[in-house]
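*Asks:* Just so you know, the sequences run in chain order C and G. Residue numbers for the first sequence follow UniProt numbering, so the first one is 1 and each next one is one higher. Residue numbers for the second sequence follow UniProt numbering, so the first one is 1 and each next one is one higher.
Keep in mind that a hint or two might mislead.
As the list claims (entries may be wrong) - Computed Cβ-Cβ distance ranges for the label pairs, DEER-style: (1) 18(C) - 90(G): 54 to 60 Å; (2) 75(C) - 35(G): 41 to 47 Å; (3) 75(G) - 128(C): 46 to 52 Å; (4) 2(C) - 172(G): 51 to 57 Å; (5) 87(C) - 72(G): 35 to 41 Å; (6) 193(C) - 179(G): 44 to 50 Å; (7) 3(G) - 17(C): 36 to 42 Å; (8) 123(C) - 90(G): 36 to 42 Å; (9) 8(G) - 147(C): 28 to 34 Å; (10) 168(G) - 137(C): 31 to 37 Å; (11) 128(C) - 12(G): 26 to 32 Å; (12) 197(C) - 72(G): 24 to 30 Å.
As the list claims (entries may be wrong) - Below are the DSS-like pairs computed for lysine-lysine, each with C-alpha atoms no more than 25 Å apart in a straight line: (13) 139(C) - 136(G); (14) 136(C) - 17(G); (15) 139(G) - 17(G).
What the hints assert, rightly or not - Where chain G lies over chain C, by a calculated footprint (3+ residues, C-beta under 8 Å): (16) 130-143; (17) 147-159; (18) 162-173.
Quick caveat, the hints were computed from the structure, so don't treat them as lab data. Glycine included, each C-beta is placed from N, C-alpha and C at the ideal position.
Each chain is listed here by its residues.
Number of protein chains: 2
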Amino acid sequence: MDGNSLFIQWKKQCLNKLDLSKKGSVDEGIEHVVSLLNSCEEYFTTSSCSGRIILIDGVSQSSDVQKQNCVWLFVSHQKCTSDDLMSALAGCCGDAVLKFEPFVLHLQCRRLEDAQLMHFVSINSGFRNSGVTVGKTGKIIMAVRSTHGLEVPLSHDGKLLVQQEYIAFLTQVANQKMEENRRRIHRSEEEKEERKKISVYKRRRKRERHQPDCSHGDGDSSVPDLDDCLDLFT
Amino acid sequence: MDGNSLFIQWKKQCLNKLDLSKKGSVDEGIEHVVSLLNSCEEYFTTSSCSGRIILIDGVSQSSDVQKQNCVWLFVSHQKCTSDDLMSALAGCCGDAVLKFEPFVLHLQCRRLEDAQLMHFVSINSGFRNSGVTVGKTGKIIMAVRSTHGLEVPLSHDGKLLVQQEYIAFLTQVANQKMEENRRRIHRSEEEKEERKKISVYKRRRKRERHQPDCSHGDGDSSVPDLDDCLDLFT
Numbered sequence: 001m002d003g004n005s006l007f008i009q010w011k012k013q014c015l016n017k018l019d020l021s022k023k024g025s026v027d028e029g030i031e032h033v034v035s036l037l038n039s040c041e042e043y044f045t046t047s048s049c050s051g052r053i054i055l056i057d058g059v060s061q062s063s064d065v066q067k068q069n070c071v072w073l074f075v076s077h078q079k080c081t082s083d084d085l086m087s088a089l090a091g092c093c094g095d096a097v098l099k100f101e102p103f104v105l106h107l108q109c110r111r112l113e114d115a116q117l118m119h120f121v122s123i124n125s126g127f128r129n130s131g132v133t134v135g136k137t138g139k140i141i142m143a144v145r146s147t148h149g150l151e152v153p154l155s156h157d158g159k160l161l162v163q164q165e166y167i168a169f170l171t172q173v174a175n176q177k178m179e180e181n182r183r184r185i186h187r188s189e190e191e192k193e194e195r196k197k198i199s200v201y202k203r204r205r206k207r208e209r210h211q212p213d214c215s216h217g218d219g220d221s222s223v224p225d226l227d228d229c230l231d232l233f234t
Numbered sequence: 001m002d003g004n005s006l007f008i009q010w011k012k013q014c015l016n017k018l019d020l021s022k023k024g025s026v027d028e029g030i031e032h033v034v035s036l037l038n039s040c041e042e043y044f045t046t047s048s049c050s051g052r053i054i055l056i057d058g059v060s061q062s063s064d065v066q067k068q069n070c071v072w073l074f075v076s077h078q079k080c081t082s083d084d085l086m087s088a089l090a091g092c093c094g095d096a097v098l099k100f101e102p103f104v105l106h107l108q109c110r111r112l113e114d115a116q117l118m119h120f121v122s123i124n125s126g127f128r129n130s131g132v133t134v135g136k137t138g139k140i141i142m143a144v145r146s147t148h149g150l151e152v153p154l155s156h157d158g159k160l161l162v163q164q165e166y167i168a169f170l171t172q173v174a175n176q177k178m179e180e181n182r183r184r185i186h187r188s189e190e191e192k193e194e195r196k197k198i199s200v201y202k203r204r205r206k207r208e209r210h211q212p213d214c215s216h217g218d219g220d221s222s223v224p225d226l227d228d229c230l231d232l233f234t
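Make a model of the complete structure from these sequences and hints.
*Replies:* Structure, rendered in C-alpha cells:
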C-alpha cells in the first residue's frame with residue numbers, strides 16, 4: 001500500500017473509533033479547530049485538550065507526580081472561582097498541586113511538508129513548544145504545545161500550606177492564563193483559515209495554468225505541493 | 001553546495017562563534033553531553049541549559065510574563081536553600097514568580113533520520129516534550145524538552161503572598177525536581193553512549209562484510225545509514 005492510501009486508511013480508522021479519553025468528546029472551545037483540521041485531507045487529529053485548570057491530589061513522599069498515583073480533585077476547561085478550588089481542596093489527603101495546562105493537540109500529517117506548514121502556523125500563534133515526531137512506521141505527528149503553564153503545590157500530607165487570599169490570587173492568575181490560551185487558539189484558527197484559502201487559491205491558479213491532460217492516479221491533485229507550503233515560510 | 005557540505009559549514013560556524021548566552025558558557029552539569037554530541041559528525045548543539053531554579057520579578061498587571069519586562073532576582077543551576085530565595089525576594093518590587101525550568105537542548109541534525117534517532121533517545125530518557133523542527137533552509141533542529149516544571153507566583157506589587165514555611169517547602173520541591181532532572185540527563189547520556197557504540201559496531205561489521213572497492217566521494221562512509229537508525233526504533 002502506498003503512503004497516501006495508508007494515510008487515508010489511518011485517518012478513517014482514527015475518526016471512526018470511539019473517543020477513549022476520560023471526557024469522551026472533543027472540548028467545547030476547540031470543536032471548530034478540530035473539525036477544520038479534520039476537513040483537510042492532509043491532516044487528522046489524534047488527541048486534544050482545549051486547556052484546563054486542574055487540582056491533583058498526589059501521594060506524599062513521591063519525588064515525581066505520576067498521574068497513576070493521583071486523584072483528580074477538580075478539573076475545569078473554563079475559568080473557575082476561588083470557591084471551586086477551596087471546596088475541592090477540602091477533599092485532599094496528600095500533596096495537592098494546582099496546574100494550568102494549556103491547549104495541546106496532536107495532529108497526524110500526510111507528509112512532512114504538511115507537518116512543517118502546521119508547525120509554522122502553531123509557532124506563529126504563540127505555541128512555541130510545538131514539534132514534529134516521525135515514527136518508524138512513517139507516522140508523522142505534529143504536537144501543538146505552549147510554554148504557558150502554572151504548577152503550584154498547595155498542601156502537604158493533607159494540610160493546606162497557603163492562605164485563602166493566596167488561593168484567590170492564584171485563581172485570578174489561572175483565569176488570565178485561560179484567557180490568553182483562548183486568544184492563542186483563536187489566532188491559530190484564523191491563521192489556519194487563511195492558509196487554507198491561500199492553498200485553495202494557489203491550487204486553482206495552478207490548475208488553470210497547467211490544465212494537465214493526464215492523471216497520475218495518486219489522488220494527490222488537490223493537495224498543495226512542497227513549493228506551495230514552503231512559499232509560506234518566511 | 002550539497003546538503004552534507006552545507007551541514008559541515010554550519011557546524012564549523014556554530015562551534016567557532018562566541019557563546020552569546022547571558023552566562024557565556026555551557027552549564028557545568030551538561031558539558032559532557034554537549035561535547036559527546038558535538039563529537040558526532042551527524043550533530044551539533046545550538047543552545048542548552050542544564051536546568052535551573054529562577055526567581056523572576058515581573059511587572060504587575062501584565063497578563064503574560066514576558067522575559068523583556070522582567071528582572072531576574074535569582075538563578076541557580078544547582079540545588080538552592082530557602083535562605084537564598086528569601087534574600088532574593090527582599091529585592092522584589094513587582095510580581096515575583098518562582099520557576100523550575102528543566103534541561104533543554106537544541107540539536108541541529110544532518111539528516112531527518114539522525115534527528116529521529118536522538119528524538120527516540122530523548123523520549124526514552126523521560127524528555128517527553130521533545131520534538132523536531134524542519135526549517136525552510138533545510139535546517140533540522142531536534143529540541144529536547146521535559147514536562148517537569150514548577151511555576152509559583154510568590155508576590156504581588158512587591159508584597160509577599162505566602163509564609164516563610166511555604167518557601168521552605170517549595171525549596172524542597174524545586175530541589176527534588178533538580179535531582180530528577182539530573183537523573184534524566186544521566187540516563188540520556190548513557191543511552192547516547194550505548195547508541196554510539198552500537199552504530200560504530202554496525203559500521204565496522206558492514207565494512208568487513210562489503211569491503212567496497214570504490215568511494216562515492218560524499219564523505220558519508222562513517223555515518224550509520226537509515227536502516228541502522230531505524231533498527232533502533234521499537
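*Asks:* Using C-beta distances, would you say chain G covers the segment 147-159 of chain C, given that this needs three or more residues below 8 Å?
*Replies:* This one holds; 7 residues, not fewer than the three required, reach chain G with a Cβ under 8 Å.
*Asks:* Note whether the CB distance of residue 193(C) and residue 179(G) lies within 44 to 50 Å or breaks it.
*Replies:* At roughly 46 Å between Cβ atoms, residue 179(G) and residue 193(C) fall inside 44 to 50 Å, so the hint holds.
*Asks:* Can the suggested window of 46 to 52 Å be confirmed for the beta-carbon pair residue 75(G) and residue 128(C)?
*Replies:* With a Cβ separation near 21 Å, residue 75(G) and residue 128(C) fall outside 46 to 52 Å, so the hint is violated.
*Asks:* How about the segment 130-143 of chain C: do at least three of its residues have a C-beta closer than 8 Å to a C-beta of chain G?
*Replies:* holds (count 8)
*Asks:* Starting from the hint 54 to 60 Å, judge whether the C-beta atoms of residue 18(C) and residue 90(G) obey it.
*Replies:* holds (56 Å)
*Asks:* Could you say whether the range 24 to 30 Å given as a hint is met by the Cβ separation of residue 197(C) and residue 72(G)?
*Replies:* The hint (24 to 30 Å, Cβ to Cβ) is violated, given that residue 197(C) and residue 72(G) are roughly 43 Å apart.
*Asks:* If I claimed the Cβ atoms of residue 2(C) and residue 172(G) lie 51 to 57 Å apart, would that claim hold in this structure?
*Replies:* holds (56 Å)
*Asks:* Count the residues of the segment 162-173 of chain C whose Cβ falls closer than 8 Å to any Cβ of chain G, and tell me whether that reaches three.
*Replies:* Coverage by chain G holds for the segment 162-173 of chain C (7 residues, Cβ < 8 Å).
*Asks:* Do the alpha carbons of residue 139(G) and residue 17(G) lie within 25 Å of each other, as the hint requires?
*Replies:* Within the cut-off at roughly 18 Å; holds.
*Asks:* Are the Cα atoms of residue 139(C) and residue 136(G) separated by 25 Å or less?
*Replies:* holds (21 Å)
*Asks:* Residue 3(G) and residue 17(C), beta-carbon distance inside 36 to 42 Å?
*Replies:* holds (39 Å)
*Asks:* Holds or violated: the 41 to 47 Å window for the beta-carbon distance between residue 75(C) and residue 35(G)?
*Replies:* For residue 75(C) and residue 35(G) the Cβ distance comes to about 44 Å; the hint holds.
Violated hints for the displayed structure, listed by number in ascending order: 3, 10, 12 and 14.
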